[in-house]
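All chains should be modelled from the sequences, with the hints used to inform the complete structure.
Protein chains: 2
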Amino acid sequence: MADNAIPARRITASDLEKFIARAFEAVDVPPADAKIIAELMARADVQGSEGHGIFRLPQYIRRIKGGAVNVKPKIKVAREAAGMALVDGDNGMGHLVMRFATEKAIEKAKTAGVAWVGVKWSNHAGPASLYASMPLAHDMVGLYLAVGNANHLPPWGGIDMLLSTNPIAVAIPAGDEQSIVLDMATTVAAYGKVKTKAQRGEMMPEGWMMDREGKPLTDPKRANEGFLLPIGGYKGYGLALIFGMLAGTLNGAAMGKDVVDFNSDDATPTNTGHAIVAINVEAFQPVAEFKKSVDVLVRDIRNSRRLPGVDRIHIPGEGSHAARADRLKNGVPLPEALLKALNQLAGELKIAKL
Amino acid sequence: MADNAIPARRITASDLEKFIARAFEAVDVPPADAKIIAELMARADVQGSEGHGIFRLPQYIRRIKGGAVNVKPKIKVAREAAGMALVDGDNGMGHLVMRFATEKAIEKAKTAGVAWVGVKWSNHAGPASLYASMPLAHDMVGLYLAVGNANHLPPWGGIDMLLSTNPIAVAIPAGDEQSIVLDMATTVAAYGKVKTKAQRGEMMPEGWMMDREGKPLTDPKRANEGFLLPIGGYKGYGLALIFGMLAGTLNGAAMGKDVVDFNSDDATPTNTGHAIVAINVEAFQPVAEFKKSVDVLVRDIRNSRRLPGVDRIHIPGEGSHAARADRLKNGVPLPEALLKALNQLAGELKIAKL
Numbered sequence: 001m002a003d004n005a006i007p008a009r010r011i012t013a014s015d016l017e018k019f020i021a022r023a024f025e026a027v028d029v030p031p032a033d034a035k036i037i038a039e040l041m042a043r044a045d046v047q048g049s050e051g052h053g054i055f056r057l058p059q060y061i062r063r064i065k066g067g068a069v070n071v072k073p074k075i076k077v078a079r080e081a082a083g084m085a086l087v088d089g090d091n092g093m094g095h096l097v098m099r100f101a102t103e104k105a106i107e108k109a110k111t112a113g114v115a116w117v118g119v120k121w122s123n124h125a126g127p128a129s130l131y132a133s134m135p136l137a138h139d140m141v142g143l144y145l146a147v148g149n150a151n152h153l154p155p156w157g158g159i160d161m162l163l164s165t166n167p168i169a170v171a172i173p174a175g176d177e178q179s180i181v182l183d184m185a186t187t188v189a190a191y192g193k194v195k196t197k198a199q200r201g202e203m204m205p206e207g208w209m210m211d212r213e214g215k216p217l218t219d220p221k222r223a224n225e226g227f228l229l230p231i232g233g234y235k236g237y238g239l240a241l242i243f244g245m246l247a248g249t250l251n252g253a254a255m256g257k258d259v260v261d262f263n264s265d266d267a268t269p270t271n272t273g274h275a276i277v278a279i280n281v282e283a284f285q286p287v288a289e290f291k292k293s294v295d296v297l298v299r300d301i302r303n304s305r306r307l308p309g310v311d312r313i314h315i316p317g318e319g320s321h322a323a324r325a326d327r328l329k330n331g332v333p334l335p336e337a338l339l340k341a342l343n344q345l346a347g348e349l350k351i352a353k354l
Numbered sequence: 001m002a003d004n005a006i007p008a009r010r011i012t013a014s015d016l017e018k019f020i021a022r023a024f025e026a027v028d029v030p031p032a033d034a035k036i037i038a039e040l041m042a043r044a045d046v047q048g049s050e051g052h053g054i055f056r057l058p059q060y061i062r063r064i065k066g067g068a069v070n071v072k073p074k075i076k077v078a079r080e081a082a083g084m085a086l087v088d089g090d091n092g093m094g095h096l097v098m099r100f101a102t103e104k105a106i107e108k109a110k111t112a113g114v115a116w117v118g119v120k121w122s123n124h125a126g127p128a129s130l131y132a133s134m135p136l137a138h139d140m141v142g143l144y145l146a147v148g149n150a151n152h153l154p155p156w157g158g159i160d161m162l163l164s165t166n167p168i169a170v171a172i173p174a175g176d177e178q179s180i181v182l183d184m185a186t187t188v189a190a191y192g193k194v195k196t197k198a199q200r201g202e203m204m205p206e207g208w209m210m211d212r213e214g215k216p217l218t219d220p221k222r223a224n225e226g227f228l229l230p231i232g233g234y235k236g237y238g239l240a241l242i243f244g245m246l247a248g249t250l251n252g253a254a255m256g257k258d259v260v261d262f263n264s265d266d267a268t269p270t271n272t273g274h275a276i277v278a279i280n281v282e283a284f285q286p287v288a289e290f291k292k293s294v295d296v297l298v299r300d301i302r303n304s305r306r307l308p309g310v311d312r313i314h315i316p317g318e319g320s321h322a323a324r325a326d327r328l329k330n331g332v333p334l335p336e337a338l339l340k341a342l343n344q345l346a347g348e349l350k351i352a353k354l
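Sequence order for the protein chains is U and B. Mapping of the first sequence onto the working numbering: position 143 corresponds to residue 143, and the numbering continues sequentially without gaps. Mapping of the second sequence onto the working numbering: position 39 corresponds to residue 39, and the numbering continues sequentially without gaps.
One or more hints might be untrue.
Said to hold, decoys possible - Residues from chain U that keep clear of chain B, each with C-beta distances beyond 12 angstroms, as calculated:
1. A8
2. K18
3. T196
4. I351
As the list claims (entries may be wrong) - DSS-like, lysine-lysine: derived pairs with alpha carbons at most 30 angstroms apart:
5. K18(B) x K350(B)
6. K76(U) x K292(B)
7. K257(U) x K193(U)
8. K193(U) x K353(U)
9. K292(U) x K291(B)
10. K197(U) x K215(B)
11. K292(U) x K76(B)
12. K76(B) x K291(U)
13. K291(B) x K74(U)
14. K215(B) x K193(U)
15. K291(U) x K74(B)
Keep in mind the hints are simulated off the structure, nothing from the lab. Note that the Cβ used here is the ideal one computed from N, Cα and C, for glycine as well.
Have a look at this one:
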């Protein structure tokens, strides 16, 4: 969501990383861990996932200070078989836990062909595509599911928000083309988009939210009087439910009523659940052949005929690849309001400002 | 889609099965295989998946007679590792191939915890939930993806139908409650629903289809002037693409331009791709605990507060469980038009009628 309407300053990814690492070190996260978290959070901003990058830093720090997150977790494999593992994150920062779990999945998929790693006792880990994309470097497909950290979605026909926007991300390696990276919530709009509309004083289109009477809700300032709508009606409800059960219930992590709203609660562990699957292409066919097939498919889609008024047919992940190319060269644009909030945090933590 | 508006006769599942088996034997399918196919097709009708049960028999027989399907396939594991297998269906009936693949996934998941089995050189195999549900009896979760057998969906913004309604099905075992079974196409409506509307002379709601100018298409008789719409716009396009790549491209099966429309072609093998994943609950946590958590979640959802005018909050799979209970007791309702078509087929094949 790069937004040219809001004045922004460009900060290099390296400066973002160093700042984030300083902040975590200031709340007793070991330097090596702070560095890992910082690198992943900056990567989120670099790929254009602004709602899941440094924007979340004040909240993460607040929750660490509130005692909700363990800064010295003993992340471990709790259960294991040839094609799976269950990782216990010991309530550590989600980025640390998910990096551990994804590396485990990749390692196991090298011999098992496919490895499914479930995660419990984790926390918010940033954008889904961060982890789905990690297997790409090993010529593997990555598939990630998670239970969101706040319930904004009722079951279809209901008004009690028992479900989150439980996302799916899948990353598929290509040859000459860029990798395909799908990263989506199971709701029409993510809750962050609603907040952005409210900040700008804009109305939402019909179809994003509904009020408790079942009427369209288009004023984002009234967001707490209603709820998000799932994609495809009952189908999106089904996907949110199933993805949540695979990432949460199966792993003994929070799901349904047990989900803690990490926006309004700084003291309670969330027991966030995720699932990451690494699929080793080589186990199915020669990697070069597969990549060639992906390239052909991408080109067939991109070059296919378009509806009137459509300039380009997009491949999932194109936006992130473009953001990455721009931002690694020119820096990450940070809105002034965010910069101000981050530098206020720096003052509180007594660390060097951005 | 039980439909009370169309006169129907009730036929027992056992009579359906015997009839289907007779038909396949008449076109040289070995009796043991004919029995397996018949059992699965009748199961589709029993669970209410009418569009994927005996309704498809004339088409299946036509394609066998046309030489498109191999009636004596050597279905085999082409590649294998601890957490995966790739099954080569040798262009056999999809039901035979998918039963083989699902049994393989279940067998492997007993030791590997999770097993992902890809399938190539298969054919249309009936409803997705048939295979996703097979692991349930082993206290496993089943996850199924497939490439559909006709392209009705363009990429988002496009008009060339390069994608099918690529479905996902996930089945999750419960304790005292019924299992959760999601089975959905990634389009707002499946193509079968469009055909049904046309047969009845009814109009479609806006949102099902669009014409090549981007305008809503509501007359099902003009269906060939447009295409289906994905759930959630670009999100459903992304899901159809990704599910198709996991079930098709990864396995060396047809995807994109290579998909054969099995409705209009009786001679060309489809090289249909599927993926079935068996997830052994026991590898993650004690089965009884998991089932208890599922029961709690189901009840929390069912008992949650409803929108005005909503009688009941549904759990995915409820409709199928209800249809099964009714139809095993009272028989499967077959519309007179379908009965007539089936008995005409019986005449052609010189087998006993229904």
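Given hint K215(B) paired with K197(U) - CA-CA distance at most 30 angstroms | holds (28 angstroms)
Straight-line Cα separation of K292(U) and K76(B) no greater than 30 angstroms?
-> Distance of about 26 angstroms is within 30 angstroms: holds.
Is it true that the CA of K291(U) sits at most 30 angstroms from the CA of K74(B)?
-> holds (28 angstroms)
Is the nearest Cβ of chain B still more than 12 angstroms from the Cβ of I351(U)?
-> holds (39 angstroms)
Beyond 12 angstroms from every chain B Cβ: check whether that's true for K18(U).
-> At about 35 angstroms from chain B, K18(U) clears the 12 angstroms cut-off, so the statement holds.
Claimed clearance of chain B by A8(U), with the beta carbon kept past 12 angstroms = holds (26 angstroms)
Could you grab the alpha-carbon distance between K76(B) and K291(U) and see if it respects the 30 angstroms cut-off?
-> Holds. K76(B) to K291(U) sits at ~25 angstroms (cutoff 30 angstroms).
Given the hint that K292(U) pairs with K291(B), does the C-alpha gap stay at or below 30 angstroms?
-> This hinted pair is violated, its Cα atoms lying about 43 angstroms apart.
CA of K215(B) to CA of K193(U), is that 30 angstroms or under?
-> OK: K215(B) and K193(U) at ~27 angstroms, within 30 angstroms.
Taken at face value, is the distance from the CA of K353(U) to the CA of K193(U) at most 30 angstroms?
-> holds (28 angstroms)
Does the structure keep K18(B) and K350(B) at a Cα separation of 30 angstroms or less?
-> Judged against 30 angstroms, a Cα distance of about 14 angstroms means the pair holds.
Would the pair K257(U) and K193(U) pass a check requiring their Cα atoms to be no farther apart than 30 angstroms?
-> Answer holds: K257(U) to K193(U) is near 24 angstroms, not above 30 angstroms.
Against the hints set out earlier in the document, a violation occurs for number 9 only.
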